[in-house]
Amino acid sequence: MLAQFLQFLFSGVTVGATYALAALGFTLIYNASNVINFAQGEFIMLGGMLAVFFVQSGLPLPAALVLAILVPAVVGVLIEKLAIEPVKGAETVTLIIITIGASLVIRGLTAVIFGKGTHSLPAFSGDEPIQILGATLMPQSLWVLGVTAIVVVVLWYFFNRTLSGKAMLATSYNRVAAELVGINTNGVLFMSFAMSAALGALGGILVTPITLTSYDAGIMMGLKGFVAAVLGGLGNGLGAVVGGLLVGILESMGAGYLSSAYKDAIPFVLILFILFFMPRGLFGARVTDRV
Amino acid sequence: MQKRAYFGLYIVIAILALLPLVLPNSFYMDLAIRMAINAVIVLGLNLLIGFAGQISLGHAGFLGIGAYASAVLPTHFGWHPLLAMGAGAAATGLLAALVARPIFKLKGNYLAMATLGLGIILNIALRNEAQWTGGPDGMPVPAFGLFGFELNSDKHWYWVVAILLSVSVWASLNLIDSPFGRALRALHGSEVASRVVGVDVVRYKVAIFVLSAVFASLMGSITAHYVGFVTPNLADFFHSIELVTMVVIGGMASVYGSLVGAVLLTALPQALATFEGWETVVFGAILMICMIFLPKGLVPTLAAKFGKGE
Chain P
1 MLAQFLQFLF
11 SGVTVGATYA
21 LAALGFTLIY
31 NASNVINFAQ
41 GEFIMLGGML
51 AVFFVQSGLP
61 LPAALVLAIL
71 VPAVVGVLIE
81 KLAIEPVKGA
91 ETVTLIIITI
101 GASLVIRGLT
111 AVIFGKGTHS
121 LPAFSGDEPI
131 QILGATLMPQ
141 SLWVLGVTAI
151 VVVVLWYFFN
161 RTLSGKAMLA
171 TSYNRVAAEL
181 VGINTNGVLF
191 MSFAMSAALG
201 ALGGILVTPI
211 TLTSYDAGIM
221 MGLKGFVAAV
231 LGGLGNGLGA
241 VVGGLLVGIL
251 ESMGAGYLSS
261 AYKDAIPFVL
271 ILFILFFMPR
281 GLFGARVTDR
291 V
Chain R
1001 MQKRAYFGLY
1011 IVIAILALLP
1021 LVLPNSFYMD
1031 LAIRMAINAV
1041 IVLGLNLLIG
1051 FAGQISLGHA
1061 GFLGIGAYAS
1071 AVLPTHFGWH
1081 PLLAMGAGAA
1091 ATGLLAALVA
1101 RPIFKLKGNY
1111 LAMATLGLGI
1121 ILNIALRNEA
1131 QWTGGPDGMP
1141 VPAFGLFGFE
1151 LNSDKHWYWV
1161 VAILLSVSVW
1171 ASLNLIDSPF
1181 GRALRALHGS
1191 EVASRVVGVD
1201 VVRYKVAIFV
1211 LSAVFASLMG
1221 SITAHYVGFV
1231 TPNLADFFHS
1241 IELVTMVVIG
1251 GMASVYGSLV
1261 GAVLLTALPQ
1271 ALATFEGWET
1281 VVFGAILMIC
1291 MIFLPKGLVP
1301 TLAAKFGKGE
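Chains P and R supply the protein sequences, listed in that same order.
First residue of the first sequence? That's 1 in the working numbering, and the numbers climb one at a time after it.
First residue of the second sequence? That's 1001 in the working numbering, and the numbers climb one at a time after it.
Keep in mind that the hints were calculated from the coordinates and are not lab data.
Note that this is a predicted model, so its numbers are computed, not measured.
Just so you know, even glycine gets a beta-carbon here, dropped at the ideal spot from N, CA and C.
One or more of the hints may lead you astray.
[To be verified] The calculated SDA-like cross-link candidates involving lysine to any residue, where the alpha carbons are at most 25 Å apart (straight line), are:
hint	chain 1	residue 1	chain 2	residue 2
1	R	Lys-1305	P	Gly-89
2	P	Lys-88	P	Phe-190
3	P	Lys-116	R	Pro-1269
4	R	Lys-1105	P	Phe-283
5	P	Lys-263	R	Pro-1136
[Unchecked claim] Listed next, with one range per pair, are the computed distances between beta-carbon atoms:
hint	chain 1	residue 1	chain 2	residue 2	range
6	R	Ser-1190	P	Ser-125	56 to 64 Å
7	R	Gly-1198	P	Gly-146	55 to 63 Å
8	R	Phe-1275	P	Ser-260	33 to 41 Å
9	P	Ser-125	R	Asp-1137	49 to 57 Å
10	P	Gly-58	R	Lys-1105	50 to 58 Å
[Stated by the list, open to error] Facing chain P, a subset of chain R residues (Cβ under 7 Å, in silico):
hint	residue
11	Pro-1102
12	Ile-1124
13	Asn-1128
14	Val-1248
Please put together the full structure from these sequences, using the hints given.
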């Protein structure tokens, strides 16, 4: 009983951590620009695929991983410079279509370059499972959780203790006011795309030894990251992390206890229910419309 | 204004009437039929997105309900296709009305999330209930017959969808110029202001959502009978996005823009088939370029350029 519950919990928290990283990516870009970046899932895919490619081409693991984070970050910045900055202030639908176009380009290029096969990455520190109260935990899960925890702490420090972080926060509160006090809001936008692409790629790399990856792995990952971000309340960093873990755990519990066939539907059922009763997610700020 | 609007309708009817004479073979006939089917769906969706300013990223789900009602009910329960089509439309309308009230308290990205979720849930259900739907492989759809006359050639279907399209264009033009249409445009402009002048905002949003969902469901049924086969891809997230893209590329809040968007984006994948393997890349790039350089869509941008508003 307990062993089974723990087993579902472990796998839920592990995949939830990846959703949390994706949700943080959505949050960063949303705060800087009010854009929902539907290409977020492709950064996750790109991280995993590039890590596989660099490792296979003989690079040592650390170098391969760093490159697999840097390249998606550059892609993120390119999207921002070429496609988002020129249409600042466009309607929500227009921005959604642009980012979906970007995701199609990334996915299509990946399929052309790396093929449509499924790829795997060796676990960072072996495949020897750890036994806890009858449940097994893979060492890679600890990597996922540990790195996510570090990322959350670093982000907290960044937003609360550094000037650039505070500039990003200020822009998310009020763009015009931030510009008035001399914050370079275009720089903030630039940085938010680089950071969220890097976060997504990082999540993708960490989870690839567990879930495998392929050119189309980013779609569901991205949509579930979006669910997690909305669940926590769009724009709320803490909410994104809590939302990610919650989506991961409920999905894993639902797959285990209810129906594994409907596993992918669980996050979406959850978000519909939450939005019916809490239109701004769990921790979303109350807003009043100015007329 | 009124006269000029109908002038466009006459042109549409003329094109639809003459098209079969110039289409060289059944490949183009098939393409024309699918364009017309998409155009009707997009007209409905544009009323929601363009005129009322509300997003739906799950419309393919409603299309799926209609298509599968026409496939499942006649096959497993022996219903008459017309009855099945009506049942699909009624079920879609009911579902849309049921979820619309809570959903339309939401705005912008939250609304996008909710409609996207709804569409994905519907699609997953279609994939999983294999004993009824045939699962991911889909299932065949019986032919559509009425009063002993069976619709079985491209010619028959062409005239059916051509008439449906003409009626839809006429109905949309009238709707936009009715008090209902003015209320929709008002709430797009400013919800608070329209509430102040007495527009029941929620009721209008729900009504237009249900209407566009039923449009999609009916055309889903037609697609199912015309193709003779349904798969869950008809109801997937990507198809929802395709439909929204047709609205936006053609031009939001433009009746003729809907037609242009549907025609172009139905033809595009055919045109891209020559790029072997690069289709997705080129399709994505075209979406981005269109939206960056023509954020208002083709028809409104061109209309503004040549100084004739619609």
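**Item:** Indices of hints not satisfied (ascending)
**Value:** Of the numbered hints given earlier, the structure breaks just one, which is hint 9.
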